[in-house]
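For the record, the sequence lines run as chains A and B. The opening residue of the first sequence carries number 4 in this note's numbering; numbering runs sequentially from there. The opening residue of the second sequence carries number 556 in this note's numbering; numbering runs sequentially from there.
Where hints are given, some of them may not hold.
[What the hints assert, rightly or not] Across the chosen pairs, the derived CB separations fall in these ranges: (1) B:636 - A:33: 11 to 21 Å; (2) B:560 - A:42: 33 to 43 Å; (3) A:88 - B:558: 35 to 45 Å.
[As the list claims (entries may be wrong)] In silico DSS-like pairs for lysine-lysine, Cα to Cα no more than 30 Å straight-line: (4) A:86 - A:47; (5) A:86 - A:65; (6) A:74 - A:47; (7) A:47 - A:65; (8) B:625 - A:14; (9) A:86 - A:18; (10) B:611 - A:18; (11) B:625 - B:611; (12) B:612 - A:14.
Think of the hints as simulated: they come from the structure by calculation, not from any bench. Note that beta-carbon positions come from the ideal geometry of N, C-alpha and C, so glycine has one too.
Chain by chain, the residues:
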Amino acid sequence: EAGVAQSPRYKIIEKRQSVAFWCNPISGHATLYWYQQILGQGPKLLIQFQNNGVVDDSQLPKDRFSAERLKGVDSTLKIQPAKLEDSAVYLCASSQGLGRELFFGEGSRLTVL
Amino acid sequence: TQLLEQSPQFLSIQEGENLTVYCNSSSVFSSLQWYRQEPGEGPVLLVTVVTGGEVKKLKRLTFQFGDARKDSSLHITAAQPGDTGLYLCAGVGNNDMRFGAGTRLTVKP
């Protein structure tokens with residue numbers, strides 16, 4: 004069974020530029036999460052989708068971050084414009100439902116200069 | 556937002572020692588999960604505890620869920636270098652799952 008796929012693996016941009024990350028969850032997983040993990044910290048939930056609907060985006064900085072999950076499968080997370088403090092690993096995870104095991108991708112490491 | 560506090564933040568021990576790490580909250584969870592994360596990878600599930608007072612064993616790892624379902628502990632017996640990693644607890648609420656900051660464990664050979 005294929006795992007959660009994320010791309011790009013690494014991205015370096017300058018502040019005020021934009022960036023987009025892509026996630027392909029495990030087939031059949033209805034729930035998809037985007038987490039931000041700053042070095043030395045635990046993952047912080049940015050947004051949670053159930054199929055193509057948003058369940059929780061209370062911690063998403065909506066002035067610069069956006070995410071969508073068209074057709075309830077793949078998802079993209081966009082940052083525009085990026086700030087220095089956005090430097091982090093962006094983890095995508097999927098599960099069969101709330102409370103079930105999360106399967107994580109390898110993450111996309113963003114460096115903002 | 557449920558705040559999960561993990562302690563200690565860092566732990567460095569010698570191979571063969573025992574250790575316990577903690578995950579505490581003022582909120583009640585329907586379940587709690589423990590994950591381990593290695594550098595450059597995503598977290599991987601170790602166990603899910605659901606019932607208050609529940610104890611689960613996974614080889615040398617023992618997980619306990621508090622009676623009130625607000626806290627949990629992870630005990631490792633005879634730690635090995637392969638146990639090195641970031642141990643994360645995640646509390647499952649009504650509609651979300653939030654992670655603690657983790658305990659970074661280093662086991663020296």
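Q) Does the Cβ-Cβ separation between residue 560 of chain B and residue 42 of chain A fall within 33 to 43 Å? A) Hint violated: Cβ distance 19 Å, outside 33 to 43 Å.
Q. Keeping to a limit of 30 Å between CA atoms, is the pair of residue 625 of chain B and residue 611 of chain B held or broken?
A. holds (16 Å)
Q: Below or equal to 30 Å on CA atoms is what counts here, so check residue 47 of chain A against residue 65 of chain A.
A: Holds, at roughly 15 Å.
**Q.** Pair hint outcome, residue 612 of chain B versus residue 14 of chain A [Cα-Cα no greater than 30 Å]
**A.** Given that 30 Å is the threshold and the Cα spacing comes to 40 Å, the pair is violated.
Q. If you check the beta carbons of residue 88 of chain A and residue 558 of chain B, does the distance land in 35 to 45 Å?
A. Violated, at about 21 Å.
Q. Between residue 86 of chain A and residue 65 of chain A, is the straight-line Cα distance small enough, at 30 Å or below?
A. holds (14 Å)
Q. Does the alpha-carbon distance linking residue 86 of chain A and residue 47 of chain A stay inside the 30 Å limit?
A. holds (17 Å)
(Q) Does residue 18 of chain A sit within 30 Å of residue 86 of chain A, going by the straight-line distance between their CA atoms? (A) Holds - the C-alpha atoms of residue 18 of chain A and residue 86 of chain A are around 5 Å apart, at most 30 Å.
Q) Going straight from one Cα to the other, do residue 611 of chain B and residue 18 of chain A come out at no more than 30 Å? A) Roughly 46 Å separates the two Cα atoms, so the pair is violated.
Q.
What's the verdict on residue 74 of chain A and residue 47 of chain A, does the C-alpha distance respect the 30 Å limit or exceed it?
A. holds (25 Å)
Q | Distance restraint between residue 625 of chain B and residue 14 of chain A, which requires alpha-carbon spacing of 30 Å or less | A | violated (38 Å)
Q.
I want to verify a distance hint. Is the separation of the beta carbons of residue 636 of chain B and residue 33 of chain A within 11 to 21 Å?
A. 38 Å Cβ-Cβ, so the 11 to 21 Å window is violated.
In this structure, the earlier hints numbered 1, 2, 3, 8, 10 and 12 are contradicted, and the remaining ones agree with it.
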